[in-house]
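2 protein chains.
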Amino acid sequence: MKQIKIFSPATVANVSCGFDCLGFAVNNLGDTMTFTKTSNKGVKITGIKGANLPYDSEKNVASAVTLLMLEKHPVDFGIDISIEKGYAPGSGLGSSAASAAGAAFAINELLNRPFTQLELTKFAMYGEKIACGSAIADNVAAAIYGGFILVQQYEPLSIVKIPVPKELMLVAIHPQVKVRTKDAREVLPEKVLLTDAVTQWANVGGLISGLYSENYEVIANSLKDIIVEPVRKHLIPHFDLVKEVAINSGALSAGISGSGPTIFALCKGEEIAKNVYDAIENSYKDKGIDFTMVYSKINTEGVKILEQN
Amino acid sequence: MKQIKIFSPATVANVSCGFDCLGFAVNNLGDTMTFTKTSNKGVKITGIKGANLPYDSEKNVASAVTLLMLEKHPVDFGIDISIEKGYAPGSGLGSSAASAAGAAFAINELLNRPFTQLELTKFAMYGEKIACGSAIADNVAAAIYGGFILVQQYEPLSIVKIPVPKELMLVAIHPQVKVRTKDAREVLPEKVLLTDAVTQWANVGGLISGLYSENYEVIANSLKDIIVEPVRKHLIPHFDLVKEVAINSGALSAGISGSGPTIFALCKGEEIAKNVYDAIENSYKDKGIDFTMVYSKINTEGVKILEQN
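Just so you know, the sequences run in chain order A and B.
Residue numbers for the first sequence follow full-length UniProt numbering, beginning at 1 and rising by one.
Residue numbers for the second sequence follow full-length UniProt numbering, beginning at 1 and rising by one.
The shape of chain A in the complex, shown without the other chains (with noise of 0.2 Å):
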């Protein structure tokens, strides 16, 4: 093989209950990065469309990554990268991670897969560290998985992927406004109560049970946050207004992707997930804020390749 072209997908992160260890991929977003083998030795960034992102190799999370694999899988030729954002970095929905997901993946394909889906994660991972400074798993893992994934733990990483019920849907919007990491970081309690944390993790075990039995009750039931959303979300304009839209025509719930400013939906069938779209864009169309939407299944297959030679 010379030459791989993939897509990667999208990813919601904190989902929910499941802060810091719940995420899933989206079907209908992502970047698509096409990767070729050059003669002369060398990780090079060729083109970067859809974003103002570094062509320095150290810098770029996907030459980073990169460059990290060829260390421990050391070759005789060079690679060129080249990038089409599908999506904005900093909305939320793993702008990054979809960079390096997508080419820890496709560097694997040019190699003959010497490496396991643990492994690229673990790549993978270190383009988190690049891109944002720590090496969180959970939208790496859902990007390379593809479906509902759970970081289990991190010491030695355990990724447990969850079955994905037929019927659940995305519904997502991005309202253009930024948050910063650092404020979503400083928001968040150092302590919680008991109580609550036993709340919350009653919720995760109901909606891991849910998403296994594809008991859309239960899900919606648990799909809940009483410990993270409450501090963070009035970083994010009027998201209990998108939220409560969402609820009442029809979403399972809602809650903050990532640390922000996209806000997720997930809905129980095509019909009820594009009223949830209309009901939330015409809440939103006359506040004042660009936005964007988007609509979509969730991704089971995770990053997927479009064509090789």
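None of these hints come from the bench; they were simulated from the model.
Source: prediction; values computed, not measured.
Do not take every clue at face value.
Because identical chains cannot be distinguished in the list, a pair is counted as satisfied if it fits within a single copy or across any two copies.
[Unchecked claim] In silico DSS-like cross-links for lysine-lysine, where the CA-CA straight-line distance does not exceed 30 Å:
hint, residue 1, residue 2
1, K37, K191
2, K85, K297
3, K37, K5
4, K161, K297
5, K49, K224
6, K59, K191
7, K182, K41
8, K297, K129
9, K268, K161
10, K224, K161
11, K122, K191
Got chain A sorted already, so can you dock chain B onto it with the hints?
Chain B only, in chain A's frame:
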């Protein structure tokens, strides 16, 4: 039907990371209870074997639950109740819950099943309130539903039944020491670190996933309690030793049953469970503390009818 004799299982609550929300029922340990219709109205405890429990109908858990049910569903007959406790109260294996759940189930049968399992759980929770001051659901729900149950939320009560992996076995040791509920509560921290809470709920997610997917490795990885066990284990003599011995002889993990003093270990398969049983027994027999042990499959059917006529 004039008379019904039932078996109501012992239960393990606070299953490691699932503190205050996850429980399961035990096959080989529980109460045998007989409920007989009488022509004199009123509810009477006619016999109690195996434990020193109140005969006062308002104070005995089984009759108190019966009285509450008859308030909601008046009848023109009375009920005599006799109880054979199969194991000691105060063990941490849901002794009061077994009596409460047994009564709720049996009375529902005598009344021709007017109530749902969820309603029976609520009646039995009243028994828990009588016995220990708070209407907790995890033991009684496990006894009524059988298998693993998750108390997903209290308001309104939502009980989720979780599948039981076929080879899962329980080994438990009950050291004959008293852990006062008051002491077990007082050591609980009011607040916990958010990072610890995240670790705990990722384990809850992993445990539920492992139970659905029969993935014993994920179950073993997730059966951890970094919040409650560290502060409660000092109330149970040689807890660390028993846990270490259990894991070293092949148990998936071990933890505190309820608020103790019983220590439970979960194992994959009978052979390992027997090894774990022997190893725990050997480790404890020179400690100068009397103890009983149990070895059992997980009970998947809940309270069951032994005889009716």
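Q: Could you tell me which of the hints above the structure violates, numbers in ascending order?
A: 1, 5, 6 and 7
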